[in-house]
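**Student:** All chains should be modelled from the sequences, with the hints used to inform the complete structure.
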Amino acid sequence: MPSADSILHRCHLLLVGETSWLTGFADELRRRTTASVDVESGADAALDRFRRGEVDCVLSAQQLADGSGVELLATMQEEAPAFPLVLGARDGSERLASDAIAAGVTDYVPIDGADETTWETLFERLERALWSARHTATQRDRARQFEAVFQDSRTATWVLDVDGELLRVNHTAREMTDASVEQIVGEPFWTLPYWGDATARDVRQLVERGAAGEFGDVAVVGDPTTADRRVIELSIHPVEDERGRVVSLVVEGLDVSERVRLERDLRRSEKLHRATLKYMTDTVLLTDDDGEYQYVCPNVHFIFGYTAEEIRNEHPIEELLGDDLFDREELAAEGVLKNLECTVTDKAGREHTLLVNVREVSIQDGRILYTCRDITTRKQRERALTTLQGTAREFLYAETAAGIARHVVDDTPDVFGVDASAVYLFDADENALRPESWSTAFERHHGPPPTVPVDADSPVSRSFVREETLRFEDVHDAPGFDDPASELRQAAFVPLGEHGVLVVGSNETRAFDAVTVELVDLLAATAEAALDRVERESRLRQQERELQRHNSRLAQLNRINETIRGIDQALVRSGTREEIERGVCERLAADDRFRFAWIGTIDESVEAVEPRRWAGDGQEYLDSRSFPVGTGGEPTGRAAATGEVAGVDDVADDLRQPWRKDALAREFRSCLSVPLRYNDLSYGVLTVYADERDAFDGMTRSVVAELGETVASAISATERKNALLSPSRTRLQFAVDDPNFVLSQLARRADCTLTYRGGVRQTMEGNDVFVAVEDGDADAVEAAAAELVAVSGIKRITTEGTRSVLRLRFAEQFLALELADHGAVFHSATATPTGTTLTVDVPETVDVRSVSSLIAGELDGVELRSKRTLDDAADPYAEFLDRLTERQFEVLQTAYYSGYFESPRGSSGEAVAETLRISPQAFYRHVRTVQRKLFDTLFDDATDGGGS
228 MPSADSILHR CHLLLVGETS WLTGFADELR RRTTASVDVE SGADAALDRF
278 RRGEVDCVLS AQQLADGSGV ELLATMQEEA PAFPLVLGAR DGSERLASDA
328 IAAGVTDYVP IDGADETTWE TLFERLERAL WSARHTATQR DRARQFEAVF
378 QDSRTATWVL DVDGELLRVN HTAREMTDAS VEQIVGEPFW TLPYWGDATA
428 RDVRQLVERG AAGEFGDVAV VGDPTTADRR VIELSIHPVE DERGRVVSLV
478 VEGLDVSERV RLERDLRRSE KLHRATLKYM TDTVLLTDDD GEYQYVCPNV
528 HFIFGYTAEE IRNEHPIEEL LGDDLFDREE LAAEGVLKNL ECTVTDKAGR
578 EHTLLVNVRE VSIQDGRILY TCRDITTRKQ RERALTTLQG TAREFLYAET
628 AAGIARHVVD DTPDVFGVDA SAVYLFDADE NALRPESWST AFERHHGPPP
678 TVPVDADSPV SRSFVREETL RFEDVHDAPG FDDPASELRQ AAFVPLGEHG
728 VLVVGSNETR AFDAVTVELV DLLAATAEAA LDRVERESRL RQQERELQRH
778 NSRLAQLNRI NETIRGIDQA LVRSGTREEI ERGVCERLAA DDRFRFAWIG
828 TIDESVEAVE PRRWAGDGQE YLDSRSFPVG TGGEPTGRAA ATGEVAGVDD
878 VADDLRQPWR KDALAREFRS CLSVPLRYND LSYGVLTVYA DERDAFDGMT
928 RSVVAELGET VASAISATER KNALLSPSRT RLQFAVDDPN FVLSQLARRA
978 DCTLTYRGGV RQTMEGNDVF VAVEDGDADA VEAAAAELVA VSGIKRITTE
1028 GTRSVLRLRF AEQFLALELA DHGAVFHSAT ATPTGTTLTV DVPETVDVRS
1078 VSSLIAGELD GVELRSKRTL DDAADPYAEF LDRLTERQFE VLQTAYYSGY
1128 FESPRGSSGE AVAETLRISP QAFYRHVRTV QRKLFDTLFD DATDGGGS
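Position one of the sequence shown corresponds to residue 228 (my numbering), numbered consecutively onward.
If you are wondering where the hints come from, they were derived from the structure by calculation, not from laboratory data. Accuracy of the hints is not assured; some may be wrong.
As the list claims (entries may be wrong) - Straight-line distance between alpha carbons at most 25 angstroms, and here's what the computed BS3-like set of lysine-lysine pairs gives:
no., residue 1, residue 2
1, Lys1094, Lys888
2, Lys565, Lys606
3, Lys948, Lys1160
4, Lys606, Lys574
**Tutor:** Okay, structure coming up:
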């Protein structure tokens, strides 16, 4: 049975046929529903009623008097495709069902009999057909409605897919661009030529909202490259399928340029009217000659607090403005009196300062016109500005932020009319706002203000971090205000830039008016500018101090450089160690920053540093003390023991050490000791004293340390030079049993005797040395050398019988170079398969023990076999070698060992040049130069000798 809300109750049904089940169902419809039911027996009559549009649904039997139900319903379907048509057949079949569906019948119902089951089936099928038809009709109506909207000439409409690509565009939208439909269909909506780059982003965001199933709208400006920049209001509507999925998007665009222009004009007009109304607070009064009111303007309450009626009935003009406001005779003579100032009291008892203009008029019965302007705020502002000017002048003389904070707190009552104030200043070290100054009223109402961390949840920290003024009618309602015992009510928190926060408060509500708020901001801005000035001046003073420090360091560096240049010049001119040491000490003592300088060497017999040279005021100090080598005590002994720089910044720090008392007695306040070391060889210690504390800062200490290396290098170079020229030397002969010594390895592997022939030359590739092969095979030596990592190259220079000369290139430094660095001469070496003998010449200026220690440290199994003194009073060989350059000596030695000077020649000049990797011309030029220097040495000496 149909439900009470069944659609059948509201329909007009047409039943066609004469079958018993049909007539029975018509009776059931009339009995169970309120539907209108008509029955026609033939197709023609039914078709006529259908065409009159009187029915909502047709139920037909298959067997009709003048045709079939399928044919009838097919005709109706052609005329009304969406109309609900139901075919019922007692003797149905699959073929009949197929024919019915093909004819466009809404539903096909097999009839099994005229019983309740059949009626329920027919009720259900008719309801379904009606709902389906209505749904189809609704869809078609909506499609037609959409098409009507889509083609609306007033609105531009676009249809997009869910990705935002254009599917359809109406005529209005096509007219908005010169691009053809084919050019824009399929393109992303936000890239179309309607929009400029500035608005494409907004359009894309609108499309994304629609794709997410949201409705949205946005107003955008058209393409800015066109002359007519239209304002288009876009709205997007997502279209969903039966499952609620967005399948397409409809975008409507309405040209609202005119509306926007009108709204803009309206806003301008409204702004003008608002401004006019804002300033139209003047009160206008009109009286007759007797003072009776003829007109009282409605806004009189703005000044006086009374209504116009109260003014008329209770407050005469003399009482309102005072009876001595003006002189009637003067008004009669002048006609108008302007800018008369008076003080009045409003209904609430507040005083107002008014500026009144009085004019004689003739307006109906009115004779005297009063226009009153309230200038109370201006007067307050003038008084406050006067106070602020004084405060600003005080700020000019304030030199600290604390002073400015005190001035702000002291002047707050005069400026604002409220006496509770505090100033917090930012403490960068604590990352907190520290209360710097506060009034007694603030402490009375609130208590002493606490320090507030910057990251705290407090109005003070929020105002500072956000650089935002916070005002509260009741500060207890402010987030983060956690002092319920505070009596403060109305409060303002005003940031002072990056310096802090100004807090102004009152224990009353509505204590701040517009003037107070404005003045608070003005005072805060003035204080911020003053704090900026103080910080800037402080920064400038700091920069000036820093500049002074830099200038001082620069001047100090210049003095040090002058001293170092002087020492360098002395080193260049010095020919002996004594001259070097004397020059260094004298130059250092001549610098006014240093009081005394001396150089001493280590006496290993007594384990102490013995003075050699000194300069300045302090010789008595050397005479009074010894300087033992050790890690404690005077810095000289520590530098000698550790080989590192040692110093004392303040000699007076620990007077328990005896040397400090002696040093202070001679006004030594700081000292620095630098070891003189070069290539692991010690030449003593340089110690410098100053009469000031901390005289040896980092830069001075570094420079003096580098000076120590320079002095040691100069001493080493001088001793090497003197070693070559010294007429007296000590010859040491050592037996060496070191299987790792390169000459020993070659002699043992090749089973021969190798003799060192000199010619040590240091190059980028290594060290070149000449050796002679005796009693052995040079090929075997070459083969053995090729197997040694220490030998990076080998070249045979000459071969004569069983004797050959080879040039070996060592990858690492050869012993002869290390001896030369220490002033000794590697005279000769002979290596056999069973042992090696070394001969070293040590000049009298070089310590023999240091040379012996060096050889013992470099080689294993070293034994001193002999030691004898040689005296070469006049050694032309040394003088000749001194005249040669390293390159000339290499050319001479290579030519000699190559047999170039033999007769006949063992090697031609071209062959020797090829060995040296130089041109033949360069070789011959070197040979002639060497020969000339040899003859100069021989004949100059002979001439000098003959003359003597």
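**Student:** Checking each numbered hint in turn, tell me which of them this model violates, lowest number first.
**Tutor:** Violated: hint 1 alone.
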